Amino acid sequence: MKINVSLLYTEGTNCNLETENAFRKVGASVETKILSEVIRKNENFDKSHIIVIPGGFSYGDDISAGKVFADLLIHYKRDDINRFLNSGKLIIGICNGFQVLVKSGLLPNIDGNENVEVTLAFNDSGTFIDKWVNLKVNNNSVSKFINHSLPDTIELPIAHAEGKFVANKRIIKSLNDNRQIVFQYCDKKGNITDKSNPNGSYSNIAGICDISGQILGLMPHPERYVEIYQYPSWQRKHFSGDSIGILIFNNAVKYVRENL
Amino acid sequence: MIKIEIITRDGIKNHDEEKIKSNLPFIGIKDNPDIRFKKCYYFSLDNNEIVNRIVKEIIIDPIIEEYTIVNNTDYPLNVVEYGYMTGVMDPVILTLNDAIERLGIIFKGDIIRTFRVEFSKNYEKEDIDYIAKKLLINGTVQYRLNTYPTFKKGKEFEFKLIEIDIANIGDDNLMDLSNKMVLSLNINEMKEIQKYYNKLNRKPTDIELETIAQTWSEHCKHKTLNGNIDFEGENINGLLKSTIFKATKESKRDFLVSVFKDNAGIIKFDDKNHICFKVETHNHPSALEPYGGAETGIGGVVRDIMGTGKGAKPIANTDVFCFANPDYPHTEIPIGILHPKRIAMGVVAGVRDYGNRMGIPTVNGSIHFHNDYLGNPVVFCGSIGIMPVGTETKHSSPGEKIVVIGGRTGKDGIHGATFSSISLNDESEAISSNAVQIGNAITEKKMLDALLEARDKNLYTAITDCGAGGLSSAIGEMGENTGAFVELSDVLLKYKGLTYTEIWISEAQERMVISVKPENINKIRDVFKKYNVEYAEIGEFTNGKNLVLFYKCNKVLELDMEFLHNGLPKPNKKAIYKKREQNKVNHKINNLKSTFISVLNNWTIASKEWVIRQYDHEVQGRTVGKPLIGEKQDAPSDAAVIKPEYDSLKGIVISNGINVRYGITDPYKMALCAIDEAIRNLVCVGGNPDYTAILDNYSFGNPDKPEILGDIVMASKGLYDAAKSFDTPFISGKDSLYNEFKLKDKTINIPPTILISALSVIDDVQLTITSDIKSSKNPVYLIGNTHNELGGSILYDVLGISGGIVPNVDVPMAQKIYRTVFRMIQNGYIVSAHDSSEGGISIAATEMAIGGRFGLDFDLSNIPFDDEQDFETILFSESTSRILVEVKSNMEDDFINTIRDISYCKLGYATFDRLIRFKYKDKLLEIDLTEIIESWKSALRW
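From first to last, the protein sequence lines are chains A and B.
Residue numbers are given in my numbering: position 17 of the first sequence equals residue 17, and the series is strictly consecutive.
Residue numbers are given in my numbering: position 426 of the second sequence equals residue 426, and the series is strictly consecutive.
Derived by calculation from the structure, the hints in this document are not laboratory data.
Values in this document were obtained by computation on a predicted structure and should not be read as measured data.
It is possible that some hints are incorrect.
To be clear about the criterion: a stretch of chain A counts as covered by chain B if any three or more of its residues have a C-beta under 8 angstroms from a C-beta of chain B, and this derived list gives those stretches [stated by the list, open to error]:
1. 17 to 23
2. 136 to 146
3. 220 to 231
4. 248 to 259
Counterexamples of contact, computed for chain B against chain A with all Cβ distances above 10 angstroms [what the hints assert, rightly or not]:
5. I64
6. E66
7. D74
8. T95
9. L177
10. F231
11. N356
12. I442
13. K445
14. N532
15. Y615
16. L628
17. T768
18. D772
The beta-carbon is built from N, C-alpha and C at its ideal position, and this holds for glycine as well.
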């Protein structure tokens, strides 16, 4: 079965090539779709199995990160996206893509009305941060991208200025109850601590999914860790098995292959 | 008009408030006032419903922000509200207008954005003015509101041709004209122009004089380094030609593809791709508006890559800065100069915001400090690109259309080229405000995406960027061998009211010029539309060997290409080398440990992690040798490694060499050291010294002063000697002269500064290493000779000693060392290597220990030393060509057999106790790693 990935691209998208590379490595074929063309030609996503919104600075993040992309997506493509999701397909937003998904209301979408329930605000440091972080993986989450296959703690790089997850207590409780929290910043041993929180995210949240588990949004960049040489000081370590990032893409492709 | 004010909701951190608060004490305001920071938008139309919709749907983040409509805004004494001046582009407003249109909201008005800072207490007027000026507002591009802003609509320019009578005026009047029009031309050049027009028997138009001045500017023509120099009786006919170009011409390397003729130098990578590299200086604008200056520096060098051959894709950026010390007393900053810390922070933010938005990883760089950079900071921005084999050449032909794409043209950056060719003084801020520009990375990013697609579809024949000199330089260069005509009124403008001359010489950012065959015009239009990139067809290349410009069908310029490009009289300049004595100094150190810590925490040596982490150094997923390395990823790497192709292990190594102190005493040795250090850095990670190309960037003071030109000549000779002997050809370069700042009572020239950037191609990135200690079982060796060379060292900077002997380079020995180390890394004998440079081997060893989080037990007694020995000199001497290496324990014999005829010394082993011990005979310097890491890391954490 050929797995088709639509990579949504707009002015300022800049992690498209490595994201495409990651999906190719797990056997998917990737088509880059320019959002304004999709809107102009009124294209839908019916032929795709996975939509990915890669990292970058869509429209410069000039107003706030991902905001204009989110506005356009929901304004013009809400029905197409809902049809896509209703047929059981997957959406992943990485970094700027995550910002787009929360600002469009697609994530976490607890009450089902696509209202904006959470946001990704400026990092507590007030600046952009590029850094490798430890993440606690919630293998019990409903996310189709995890599929109980990841180690309990993993390492991935973050690279963002606006990644501080902010939500009120009620929303965070629901996320917990619904098993929508997928990744949390933690220390080497997997403890969720303030010190291991790189940006001030509430509850150290780094990635969440929607109630169905079909949509994943995360600030860290799995596409930047699909081979060992991308790991910092890979010369210090002994590696076995796949690089962590590739597993997330692999899970998505495997899910599509087995369920659609 | 409607104004809205946005605040963050209760309990949510407001970073703008925090930033202002934390910086107030730094400018001497220590009473910790409460502050409210508000983002404001003014809408020119009174339609509440539409404004509410725009604000709710596009502008605010409802989770963390709330807004109010303000009917009666005022500007009391405790408030500073500021915004961009009319004519300065605000990228946020561009995006906002675009979003409004795309969402189908009908709003036919204008929007202005401002920032409002409300202080809880009432200061005196002077105090508020002081805070506004020192901390909040950059007077070059921003202004403070004391009334509602006006939505100015530019008036259409009413055409009137301006001609200037220069036929019979004398020298003084010619020079007055040059100064008045900011032409920056000297008397010989003005007279040459006068002669040309007298022959034509007509008056020049204003735009003709401007065009000649741009084309002949130091910035574009590099007059000093291409002209005649009388160097103490030696007649140098073109300094670059007889040093830099000569080294390349004589090179035996077979990897050169295109050198010194395009926007960047190109070398071979593999069968499919070439690699190109360019480094620019952007000093003058960064002095006045550090953020915009650095942004446009990066934006400009990236366009150089996009304009190399038929266009390359940028895959990595580099940056090197020189500033005055960040603790320079505020009260002693002369008028017209920004504080070095403010400059540093602005420059870092500019590089960050532009590079990150472009999606180009910033992978290598360094920052240097010396107080003579007070008036003229030095900002080098580099970019590396990859391009398919076959796209390395370009050629435009008569009949092809001239197309401008990317950003629109405004009044920004007028006179940038001529402005950067003169010295700054305390009035520069006022007279040259137009010369500074604000960048918009997204405009450039989408232009890049569109151009790469158009290139791959072969839709244009030639391309160049609009840099200094704007359309004037770009079209002048592209049409040099053919001819060109342009209709200036076809250029897309940001706003009405630009004169024909302003359109022609504007240096508005993010524009490129391409040459398109008529049959491809429609196809290329489709590509630009797809990426939402604006374009305009503005003229045609011709057979006429001349340049002809029209404005609304009126001819405003006609110049022979021959006169324009080759009419510049070669300047004759005088150079004298003032040799400075170098003698050993009997330094005295009372407390070795505290001196060591001062050296480690010196601004130049202290960790740059705070800067590096603000740059995305991993975007594109190609960075396999990162700028921060080691167990905790906080030790500095010697060079970056990039894997340009996802499906190949072939790589490139990128490094730099620069020292800002050696040249003050000995510019010749400084040049040798810069090349030596650049090569050494790349060898330390596994780069191949025999597949290395280099780039030169000069930054010097005023070359009209014979002793400064003498320094430039000596440095150039050093560059030739080292490059020739290493056989590392120069592939591109850039010079920035006139880096002097005139004060009432004195003139500050910057230290002689040369940056060497190096690029090596390697077959297998798996054979690269890092500098952090890997194991306590492996012995650590020092390779290379140590001499008493402390002149210009960090030790003497710390001790306040100005004498000493500047390090020299034994190039043949250095080459032997680098080849051997390269081979031993390939063979797996060496698992870590670190270059010894500023601070000497004690600092290099400490950085290796920090990287691995080990202690060290080193005995320095046996280090070969050709002189009277002493502990301090061994610890801190900056002798060149030395590398510390960690040798794999089971390969120590192989290592020794290979290194035999090179000077080396076993130092000892790493330890688990995190104590650094340097022993020398009966002396001991012991430092606890855990005590020094935090201060080393926090010196530059702002």
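Q: Please settle this one: K445 (chain B) was flagged as non-interface, so is its CB more than 10 angstroms from every CB on chain A?
A: Label violated. Min Cβ-Cβ 6 angstroms, cutoff 10 angstroms.
**Q.** L628 (chain B) non-interfacial with respect to chain A [C-beta, more than 10 angstroms]
**A.** 7 angstroms, violated
Q. Are there three or more residues in the stretch 248 to 259 of chain A whose C-beta lies within less than 8 angstroms of some C-beta in chain B?
A. violated (count 0)
**Q.** Cβ contact check, 8 angstroms cutoff: the stretch 17 to 23 of chain A against chain B, three residues minimum
**A.** That given contact holds, which follows from 3 residues of the stretch 17 to 23 of chain A lying within Cβ reach (below 8 angstroms) of chain B.
Q: Run the C-beta distances from I442 (chain B) to all of chain A and say if the shortest one exceeds 10 angstroms.
A: 4 angstroms, violated
Q. Closest CB-CB distance from Y615 (chain B) to chain A, is it above 10 angstroms?
A. Non-interface label fails for Y615 (chain B): nearest chain A Cβ at 7 angstroms, not farther than 10 angstroms.
Q) Does N532 (chain B) really sit off the interface, with its C-beta more than 10 angstroms from all C-beta atoms of chain A? A) 6 angstroms, violated
Q. For L177 (chain B), is the shortest beta carbon distance to chain A beyond 10 angstroms?
A. Holds, because the least Cβ-Cβ distance between L177 (chain B) and chain A comes to about 42 angstroms, which exceeds 10 angstroms.
Q: Please settle this one: D74 (chain B) was flagged as non-interface, so is its CB more than 10 angstroms from every CB on chain A?
A: D74 (chain B) clear of chain A: closest Cβ-Cβ about 27 angstroms, beyond 10 angstroms.
Q: Mind verifying the non-interface call on T95 (chain B)? Its CB should be farther than 10 angstroms from each CB in chain A.
A: Not fine: 4 angstroms to the nearest Cβ puts T95 (chain B) too close to chain A.
Q. Okay, the stretch 136 to 146 of chain A and chain B, do three or more residues pass the C-beta test at under 8 angstroms?
A. Since three or more residues must qualify, the claim that chain B covers the stretch 136 to 146 of chain A is violated, with 0 doing so at under 8 angstroms.
Q | D772 (chain B) and chain A, when compared Cβ to Cβ, separated by more than 10 angstroms | A | Nearest chain A Cβ is 7 angstroms from D772 (chain B), so the label is violated.
In this structure, the earlier hints numbered 2, 4, 5, 8, 11, 12, 13, 14, 15, 16, 17, 18 are contradicted, and the remaining ones agree with it.
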